[in-house]
Amino acid sequence: MAGKDLRIEFTSRVVTAQILPFGFLILIMFGLAIPPELLVVGDARRSVLEEVAPALFWLAVLLSALMALGRAFAVEAHDGNLDALRMAGIDPAGVFLGKALAVTAELVMVEIVLGLGAFVVFDAPLANPVMLAVTIVLATAGVTLAGTLYAALAAGQRARDTLVPLLVLPVLAPVLLGATLATRDALFDEPGVAGWSWTMLLAVFALLYVGVGTLAFGPLLEET
Amino acid sequence: MHWEYVIAGYSIVGVGLAVYAVSLIRTGRALARQVPPKRRRFLD
Amino acid sequence: MTISDSSSGAGTEAQDSAPQNAAPDGASTGDSTPANTGSRGTRRLGVAALLATAALLLFGLVLSPPEASQAEAVRLFYLHLPSVAVAYLGFFITMVASIIYLRKGSLFWDLVAGSAAEIGVVFSAFMLISGSLWGRPTWGVYWVWDPRLTSTTVMVVMYIGYLAVRRLELPPEVRSRRAAVLGIVSFLNVIVVRYSVKWWRGVHQGETVGLDTQMDGLQLFSFFVGLVAFMLIFAWMLIHRFRISWLRHEIDEQALAQALAERRAETNATGLLGRKN
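Chain order of the listed sequences is P, C and W.
Counting in the working numbering, the first sequence runs from 1 upward without gaps.
Counting in the working numbering, the second sequence runs from 225 upward without gaps.
Counting in the working numbering, the third sequence runs from 269 upward without gaps.
In case anyone wonders, no lab produced these hints; they're calculated from the structure.
Keep in mind that the hints are not guaranteed to be accurate.
Covered, in the sense of this in silico footprint (three residues per stretch, anywhere, with C-beta under 8 Å from a C-beta of chain C), are these stretches of chain W [as the list claims (entries may be wrong)]:
| id | region |
| --- | --- |
| 1 | 394 to 403 |
| 2 | 443 to 457 |
| 3 | 517 to 525 |
Each residue gets a CB set at the ideal place from its N, CA and C atoms; glycine is no exception.
Whole structure, please, built from the sequences with the hints as guidance.
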């Protein structure tokens, strides 16, 4: 299932052609919109941009994810694939996880590139690469799992492009929170922020949506 | 002191509730007129 | 059949000028169902709600004393907490009704879920408004990003999304099923967001702004009156909103049946070759 989606991606290259540039564009626009003032934070002196870099990175990721998720279901809805999948007797859990996996892979690729870009543009330090890596994986998984579930709810609709963000963004609030704080700790090694606690939150969130998504896809796939 | 906030709060909530309640009743009437009397209530 | 009632106001408007519709048709009951969503039950409920509301105004605005640190602002609390309770109750009902709907497929529970969610959103608006108006004189700000407020706002937006899904143009069962899934997941999500932010708030500066005031007996009682009033209002609204959903469903069925009948009549008239006679 995931393989199919990824193969479609390789042949059409929308991610690299559209979503990745979109993500970059957002980072750049943040860079333009935010004033270059300097802050004193604890012992460090940082520019405002550098200080909010974690938040901006994850916001850019979230917005890019919305695009990727919208696409994931546009692909299916187009030829009534969902019906075909159901009738082929494929386990709904498999459909869910497969889709999620494909989108996750796409997003992680986007994030790696965006992240490198962010380091360059925002000029941020990196205190704890392991924490950063773990955060990226878990947060992306959470975003994709929850996002796939909610994108399915809006699938096949003209209003999809506005509905998916409305459904998904409030749900992802804890992910945004956890990812941003964990990234802060990973980058700046902030004394007040326990990065690993937040990564645990991200893990819990991801696990929760694995469970909920696999359960919910059963009824959702029954489209008569 | 702070009466302004209290008055504002009670007015907004009061008016809001009233508006919603009235809209429920009026919509109910408008819809019920379009349905034959036998089918107006949920029977099952 | 109608109870005439002299008190005015939203709760009893149902019988004020209800154009009692036409002749009862031949069938059984002998009562004609009026052309509105009111009934004996809802009128009594409405009266009760109005009385309770009057009591709330009396206790809340007049009888109960101003509080030590918050002065008169505490009176907003008699609106705020009941709003919170009713909003959460509404969304909880939506979740339960959605679960039952997914298991049984019965229209009744689907309509209940939708109605409860809409009323929940309405009361959420009151909750947020009364909350900010209370917060301004008390803490000095209209808003603060603490775990409780954040998770509550997230909840409201999610149920607005739920209402949007209910309006999607899809075959009814498909739409209802999707909405049901969303109704369940949204409430679970509220719990997750609530507790996740609370468990981990210790590691981040933002703390919950709490209530460190004691409420005295009369204030507590006023709050209780508010709760009762809002619950009665909620019940009244839920019944009416449910009936509206039912009527809408009936109208759609009628339209569908009519379209089918027309189509059938047309094919009969035009015969096999599709040309009009």
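How the hints compare with the structure:
no.	hint	result
1	394 to 403	holds (count 5)
2	443 to 457	violated (count 0)
3	517 to 525	holds (count 3)
Hint compliance for this structure: hint 2 is the single one not met.
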